Amino acid sequence: MKKKIAFYIIIIGIMAGCYPQGPEYYEDLDLVYTNYEEKFDFASKGTYAMPDQIVKVEGNLAEGEDPEFVKEPYNTQILTKIQANMTAMGYTEVEDPEDADLVLFPAVWTNTTVYYWYDYWCWYYPYYCGWGWGYPSVTATTSGTLVMTLVADGTDYIEPTRVWTALANGLLSGAVNTNRVNAAIDQAFEQSPYLDTK
Amino acid sequence: MKKIIAILAFGLLVISQNAYCQQPSYTSVQYSIGFGTGDLGDYISAPSFRGATIEYRKAIKDNLLVGVDLGWNVFYEKKDFATYSSGAQSLSGIQYRTQNQLPMLVSVDYFLSTNSEFKPYIGLGIGTMYTERSTDMGQWRLMENPWHFAVKPELGFLYEMSYSTSFKVSAKYINGFKSGNLDASQNYISINLGMAFNL
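These protein sequences, in sequence, are chains A and B. First residue of the first sequence? That's 18 in our numbering, and the numbers climb one at a time after it. First residue of the second sequence? That's 164 in our numbering, and the numbers climb one at a time after it.
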């Protein structure tokens, strides 16, 4: 009988121990999403304008107050990568948005999720649960999102209209990883071949 | 005539004195390997090396046993970074696909031979199966978890190692009919290796 029970326990132990593990690295969770206005004729456009600073969306912005911007050198690195991709698609950058067919607005934001674990020792000794004597275990994850929006107006639309949106989302590690951001920008343009004007 | 009747009676007695009359019920635990077919095979092409089956059988005739099967296989595959498009929308990333299959079946096994240590059988099962399919991408998860009406044909054998213990090998084709939000029936072949203990 003891042998049978031991056999069952070994089988259950092996099964529980080898459940799939999932992502291992920060970049394993990176995502790039794009969407566009299917009726818009990108091929007939050739110029775009872009601000020289990337807005950092955080907190509440009061009317008339300036937003925060991404710090250097990351600001220039991101803008340079976007410019390179727009040039490769056949667009020429112009200074004044009034002269441009399209305007590209880059922005970033971060979102921190905090997890609290109370009574995590209950599995060991149920009597210790719910007395409030311990300390909660706290962990936090922060995700970052870069959004690029192409807006058209002029002869195409009465009001400025979003014709392309790209979102790059990933879990932030302690250090800024420029390679991940650059790869995400490249991917956003790669999966948007309809932007090509050539 | 009396001799013939006596021989027939003796023959019947011998046939009925097989392992299952001596050992009218058994329980078995088996390690299970799964191979997804159809929609499940398209979703996760990698075989499942994580699974187990627990079975109980009781003899109702010399070579006919009925009982229950409880099974579990988890299929898992990490897909390469890829782009998935729908209309004007495209999403790129690594997908982690996991599918748990838990069949719960009432089964009947018919033994083709019971006179030697090697006892081949064919079986049928009917019941329900729970599917839990989760697609993880980035920090998001899509999940489907329907219950199916399920059937199972089975082939296998018991090899009697001692009075109370047998080695058991079986191959099952488990089919859960289309259910819930999944587009097709979910089916897989499982190969099971384990031990059977008489009760």
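To be clear, the hints were calculated from the coordinates, so they are not data collected in a lab. Where hints are given, some of them may not hold.
SDA-like cross-link-like pairs, simulated, lysine to any residue; straight-line CA separation at most 25 Å [what the hints assert, rightly or not]:
#1 K242(B) - K56(A)
#2 K98(A) - E80(A)
#3 K221(B) - G343(B)
#4 K242(B) - A200(A)
#5 K98(A) - K221(B)
#6 K98(A) - E176(A)
#7 K73(A) - K215(A)
#8 K241(B) - S253(B)
#9 K241(B) - K215(A)
#10 K73(A) - Q302(B)
#11 K215(A) - S208(B)
#12 K241(B) - A66(A)
#13 K241(B) - K73(A)
#14 K215(A) - S248(B)
#15 K241(B) - S160(A)
#16 K56(A) - V120(A)
#17 K241(B) - T291(B)
#18 K88(A) - A60(A)
#19 K56(A) - Q302(B)
#20 K242(B) - T93(A)
#21 K241(B) - N102(A)
#22 K215(A) - T246(B)
#23 K215(A) - Q258(B)
#24 K241(B) - T159(A)
#25 K241(B) - L188(A)
#26 K241(B) - A200(A)
#27 K98(A) - V87(A)
Being a predicted model, the structure only gives us computed values, none of them experimental.
| task | Provide an ascending list of the numbers of those earlier hints which the structure does not satisfy. | result | 1, 2, 3, 5, 6, 7, 9, 11, 12, 13, 17, 18, 19, 20, 21 and 23
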